[in-house]
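**Q** Residues per chain are reported as follows:
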Amino acid sequence: MSTIRLEHLARVEGHGGITVELEGDIVKNVHFDVFEGPRLLESLIRGKRYDEVAPILSRICSICSVAHTLTSLKATENAFGIQVSPQTVLLRELMFRGESIESHALHLFLLAVPDYLNYPSAIAMAADKPAPVLLGLRLKKLGNRIQETIGGRAVHPVNAVPGGFGKAPDFEQLIALRSALIEGMSDTDAVIDLVATLPAADYCHCDTFYAALRSPNLDSYYAGDEVMVVSNGSRAIVPAADYRSLTNEKSVPHSNARHSTFRGNPFMVGSLARLTVNPRRVTGRLAVAMKRLKLLLPADNPMDNNKAQALELINDIERALEIIEQLLRAGTKDERALPVHPRAGTGTAITEAPRGLLIHSYQYDEEGRIVKADVITPTALNAASLELHFRRAVEQCADREEAVLSKRLQMIARAYDPCISCSVHLVRR
Amino acid sequence: MKPLLIVGLGNPLMGDDGVGALLAQSVDGHVSADVLIGGTDLLRHAGEIEGRQRVILIDAVESDAPGEITVTDEDPPEGPPAGAHSLSAPAAVHLLRRLMPDVRFTWLLAGIRSARVGEGLSPELLSALPHLRERLMELTAP
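Note that the protein sequences, when read in sequence, are chains P and C. Residue 224 in my numbering sits at position 215 of the first sequence; the count goes up by one each step and never skips. Residue 92 in my numbering sits at position 1 of the second sequence; the count goes up by one each step and never skips.
Okay, chain P solo, but in the shape it has when bound:
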């Protein structure tokens, strides 16, 4: 038996590794080792009041703090039967788009592209090829700006509260954001030009299950209460309240992130899953860009998640612009957050964080204090699928030299854009 062990995955958030065990040509075991310590944030919020929950759980992740804040608020509002205003829904969607722009720009250009161009890091790449890094930084700033304007801060937003917003953006702020987004649009051709010229990366192919939010208008990261799972032409719908029938989490010895499977199958969440589940999003410029990137859906190559992120960068900027136009046309109302009347009950929310489905589910007592909480992040949902793709990559790799496998497996891991720190939760049920 020979073992190949990658002690630490570089250029992904958090601490994880990969272990491959071979017996001759037979692949015995392939593990995605998540040794990041459990965070136990769900325990930390037991007994906390409803208005303390989102600010605490936002701290799970600084790159996805908007997603955690807004998913937390949505779960709390669901528990208390609060229906937020259409303006609030639009502003929350806008925040999601800002976060997605920031996250995808950072991942794609500073973490993933150096692999394709054979550089060990963005810093090493910057001297020879500054354009991708500068492009990524410009788009990251655009995403930050949306979050700052609507959420009050670039990280851990303070303006989104139970029932709505502390303060709605004014006309001038929206006009300024619109200008920044129009400027950002001019960068989207460069995004596609760059990604279209990256060398092909085909390290594993296999039928993949994809899961994503099924939103009413087929293009929302925030609105929607159903998940659709797609594979090989078959489709299944899971309501948010039944999320455990989607996740079926189980502990595995080598990982502090629990593994999720749907009807026994690992599934992938994130950009590629979103495009696969909601293909009607792909119209106009997006459809032309998709053709240029030679991305066919459903894809059988997890590396295509990088292409999907590039496409979503265009989609996010376009959608953010649409929302602002809509707000400008309607005129933003100086709404105050709706009053909150706590009651005992449970509330579950599912949204689309940049890395995929994010689930928050809470049980409250009659005073509006948390009795029980469950938070499942996209990287945790992806853990089993990532491990499956690692295995297929090893099986399909003719040259099992450690250096070759190491690079391939790390590129696959990075294509998933994992946030390992956020994936670790251990909650007893």
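FYI, nobody ran anything at the bench for these hints, they're computed from the structure. The hints are all genuine.
Below 25 Å or equal to it, Euclidean Cα-Cα: the simulated SDA-like pairs (lysine to any residue) are:
| no. | chain 1 | residue 1 | chain 2 | residue 2 |
| --- | --- | --- | --- | --- |
| 1 | P | 138 | C | 179 |
| 2 | P | 138 | C | 92 |
| 3 | C | 93 | P | 139 |
| 4 | P | 138 | C | 165 |
| 5 | C | 93 | P | 140 |
| 6 | P | 57 | C | 105 |
| 7 | P | 138 | C | 177 |
| 8 | P | 303 | P | 126 |
Given the structure of chain P, go ahead and fit chain C onto it with the hints provided.
**A** Structure of chain C alone, referenced to chain P:
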């Protein structure tokens, strides 16, 4: 050409670690320079840095001599990365130097004993503040 840029780094919610932000704020409007509170994510401000001749970065550095001032164009050690989604300030400057070779980066480092959770500076740093400010004003003189 854009004017000199002063960037105050650090987290004001971590006691003395926020000295950079406080110092930068204290000279805003009193020097012919743009002033920016950079927080803990310098890369977010790459756009503001691009096209400058010179950038002064004010940051806290662990030291046995609180208030000790170091002025240097050399980057301090990068230390272990905080995570893939954020670069330490020295690592970010390392990247920015490669992207923007015409920009001169100068560090004004203030020695602090330790960072702790909470707002406000320690008495040691408060008493060192006028001297730090004076040194910063000297650096910004044309």
